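Could you put together the complete structure from these sequences and hints?
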Amino acid sequence: MIQHFTGGIVFAAAALELLPQDRAHALIPVVVGFVLGIALMLAISELSGSIETRFETARLPVSLIIITAIDLVVDGLVLGIAFSASDESGIILTVALTLEVLFLALSVSAALAAAGIGRLLSIVVPVALAALLSVAAVVGNAAFAGLPANIYAALLGLGTVALLYLVTEELLVEAHEVPESPFATASFFIGFIVFFLIEGSVKVG
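Here the sequence shown stands for residues 0 to 204, where the numbers follow numbering that gives the first Met the number 0.
Bear in mind the hints are in silico, worked out from the structure with no lab data behind them.
Keep in mind that this is a model prediction, so the values were computed, not measured.
It cannot be assumed that every hint is accurate.
[Said to hold, decoys possible] Here are the simulated distance ranges between beta carbons:
id, residue 1, residue 2, range
1, A14, L39, 16 to 26 Å
2, R58, V177, 24 to 34 Å
3, G115, V177, 18 to 28 Å
4, R58, E173, 17 to 27 Å
5, A148, T56, 42 to 52 Å
6, N149, P178, 42 to 52 Å
7, V31, L119, 40 to 50 Å
8, T56, L18, 39 to 49 Å
9, T167, V31, 18 to 28 Å
10, G145, L41, 28 to 38 Å
11, A142, T56, 33 to 43 Å
12, G115, G145, 47 to 57 Å
13, P178, S106, 16 to 26 Å
14, F188, L39, 27 to 37 Å
Just so you know, even glycine gets a beta-carbon here, dropped at the ideal spot from N, CA and C.
Put into structure tokens, the structure is as follows:
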């Protein structure tokens, strides 16, 4: 259920917060960003597959740690793009990504515990991975601030694809590995509505 709910929140963030409002003037740059984003996420998918193959016999969940780190760096850069647009957008997107970070951290912690790693490392490694999101967001904000409008619109398109990929190819795929219930399916749309209400209350306030 948590994957569906988180997926709904992240999907809403991509649809409502990242895409430029002035789409008439930013249409071509956004499409270019979409294409670049698709290429980037497919490349990351190939890299993730290679990493899983290389470390599939390892006792430690090395591939999970590396792939999680890559995901969080990409999400952090997207967060940096949002903060470059406005502090309000960055804060709203931070809310959307918080559940995802929590879910990934718990997954890594459970995998480390299952591998017989000590309790300290089972805590330290997920915390360090979560910190990658913050570091990448700071770097992204510094790197992307002040860019020309067309380039920035393309980055927003790329960031949108990254979030949509996270929802469709990761969160929902994992959610479908277990038997579904009507409530689990509905939780995706509940997550979307929750984000919609949060965004509306922040912007009205």
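These are the hints, each one checked on the structure:
no.: 1; hint: A14 <-> L39: 16 to 26 Å; result: holds, 19 Å
no.: 2; hint: R58 <-> V177: 24 to 34 Å; result: holds, 25 Å
no.: 3; hint: G115 <-> V177: 18 to 28 Å; result: holds, 25 Å
no.: 4; hint: R58 <-> E173: 17 to 27 Å; result: holds, 23 Å
no.: 5; hint: A148 <-> T56: 42 to 52 Å; result: holds, 49 Å
no.: 6; hint: N149 <-> P178: 42 to 52 Å; result: holds, 47 Å
no.: 7; hint: V31 <-> L119: 40 to 50 Å; result: holds, 46 Å
no.: 8; hint: T56 <-> L18: 39 to 49 Å; result: holds, 43 Å
no.: 9; hint: T167 <-> V31: 18 to 28 Å; result: holds, 21 Å
no.: 10; hint: G145 <-> L41: 28 to 38 Å; result: holds, 30 Å
no.: 11; hint: A142 <-> T56: 33 to 43 Å; result: holds, 38 Å
no.: 12; hint: G115 <-> G145: 47 to 57 Å; result: holds, 49 Å
no.: 13; hint: P178 <-> S106: 16 to 26 Å; result: holds, 19 Å
no.: 14; hint: F188 <-> L39: 27 to 37 Å; result: holds, 28 Å
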